[in-house]
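All chains, please: the whole structure from these sequences, using the hints.
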Amino acid sequence: MAALLVDEDPETANLHALSAARRAGRVAVVRETAAITAYRTGDFATALRELRTYRRISGKNDQLPMMVDCERGLGRPERALELGRSIDRAALDTAVQVELAIAMSGARLDLGNPTAALGELEIPQLDPSTAYSWSPALYSAYAATLEELGRQDEADEWWARVDRAAAALAEIADENAWETVDVVEEEVEGHDEHDAVVGDEPVAGDEHGAGALDDTDQLGDDVDPDDDLGEIDDDNPRDVDGSAAD
Numbered sequence: 001m002a003a004l005l006v007d008e009d010p011e012t013a014n015l016h017a018l019s020a021a022r023r024a025g026r027v028a029v030v031r032e033t034a035a036i037t038a039y040r041t042g043d044f045a046t047a048l049r050e051l052r053t054y055r056r057i058s059g060k061n062d063q064l065p066m067m068v069d070c071e072r073g074l075g076r077p078e079r080a081l082e083l084g085r086s087i088d089r090a091a092l093d094t095a096v097q098v099e100l101a102i103a104m105s106g107a108r109l110d111l112g113n114p115t116a117a118l119g120e121l122e123i124p125q126l127d128p129s130t131a132y133s134w135s136p137a138l139y140s141a142y143a144a145t146l147e148e149l150g151r152q153d154e155a156d157e158w159w160a161r162v163d164r165a166a167a168a169l170a171e172i173a174d175e176n177a178w179e180t181v182d183v184v185e186e187e188v189e190g191h192d193e194h195d196a197v198v199g200d201e202p203v204a205g206d207e208h209g210a211g212a213l214d215d216t217d218q219l220g221d222d223v224d225p226d227d228d229l230g231e232i233d234d235d236n237p238r239d240v241d242g243s244a245a246d
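Quick note: the sequence shown, position 2, residue 2 per UniProt numbering, numbers continuous.
In short, the hints are calculated from the structure, not lab data.
Among the clues, some could well be false.
Label pairs and their calculated CB-CB ranges [to be verified]:
1. Ala173 x Asp127: 36 to 44 Å
2. Asp156 x Arg40: 26 to 34 Å
3. Thr115 x Leu74: 21 to 29 Å
4. Asp163 x Ala45: 35 to 43 Å
5. Gly150 x Leu126: 29 to 37 Å
6. Glu82 x Ala166: 28 to 36 Å
7. Pro124 x Glu171: 22 to 30 Å
8. Arg26 x Ala167: 23 to 31 Å
All figures in this text were calculated on a predicted structure; none of them were measured in a lab.
Glycine included, every Cβ here is placed at the ideal spot set by N, Cα and C.
In structure tokens, the structure reads:
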């Protein structure tokens, strides 16, 4: 029920999620849902507590970007940066790496340092030739940060890339749940024309593990942020032509 309501009525969704967490507090996906719905209502303290519990149960770091954003929402950008630096980003799935870069960039902006914010976004995934599901968000963050730096011409180029990537992804959204498409740029009489070609890597489904908590763990308990982290599988991104990367 919470998943069905989260977009239209996040407050009610959060109530359903918290109720489920009281009944099944040791199930990772239940605590994750409680965290996400709390985040959507702007209750960053509750969201952060639930995300810490989710991470402890599941041994996963896939919601680390949201944890960083919660620290920002609580007015603690320094702690947000410290949290983001606490794990090996190379161990995260590619999409999570991108989300974390965006969250870390936001924390840099909170501290009034747009140059460092731009640097957080200059990651290998900032590639205008290929559009992934996360590309529009990454391009948007990059464009907005360029504007903060007064580099409007460059920002305009990246805003245009946001539109092209979104259009390319929307074109295939109703056909298949592909994660990536190629964006081919050709310069014609001073203007760019762009075609989209469907890649061949489907989106992998998320899996949520469940582990045991001590009997003292309760819904909403604040878990030590220094809990040991579980193993994270390396992501296997694809090259532009759809072949597996070395």
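Hints, verified against the model:
1. Between Ala173 and Asp127 the C-beta distance comes to about 20 Å, which lies outside the given range of 36 to 44 Å.
2. Taking the beta carbon of each, Asp156 and Arg40 are about 32 Å apart, inside 26 to 34 Å as hinted.
3. Thr115 and Leu74 have their C-beta atoms about 25 Å apart, which keeps the hinted 21 to 29 Å range intact.
4. Against the hinted window of 35 to 43 Å, the Cβ-Cβ separation of Asp163 and Ala45 comes to about 36 Å, which satisfies the hint.
5. Take Gly150 and Leu126: their Cβ atoms lie about 20 Å apart, and the range 29 to 37 Å is violated.
6. A C-beta distance of roughly 33 Å is found between Glu82 and Ala166, which places it inside the suggested range of 28 to 36 Å.
7. The hinted range of 22 to 30 Å is satisfied by Pro124 and Glu171, whose Cβ atoms lie roughly 25 Å apart.
8. Checked against the hint of 23 to 31 Å, the pair Arg26 and Ala167 fails, with Cβ atoms roughly 44 Å apart.
Checked against the numbered hints given earlier, this structure breaks hints 1, 5 and 8; the rest are met.
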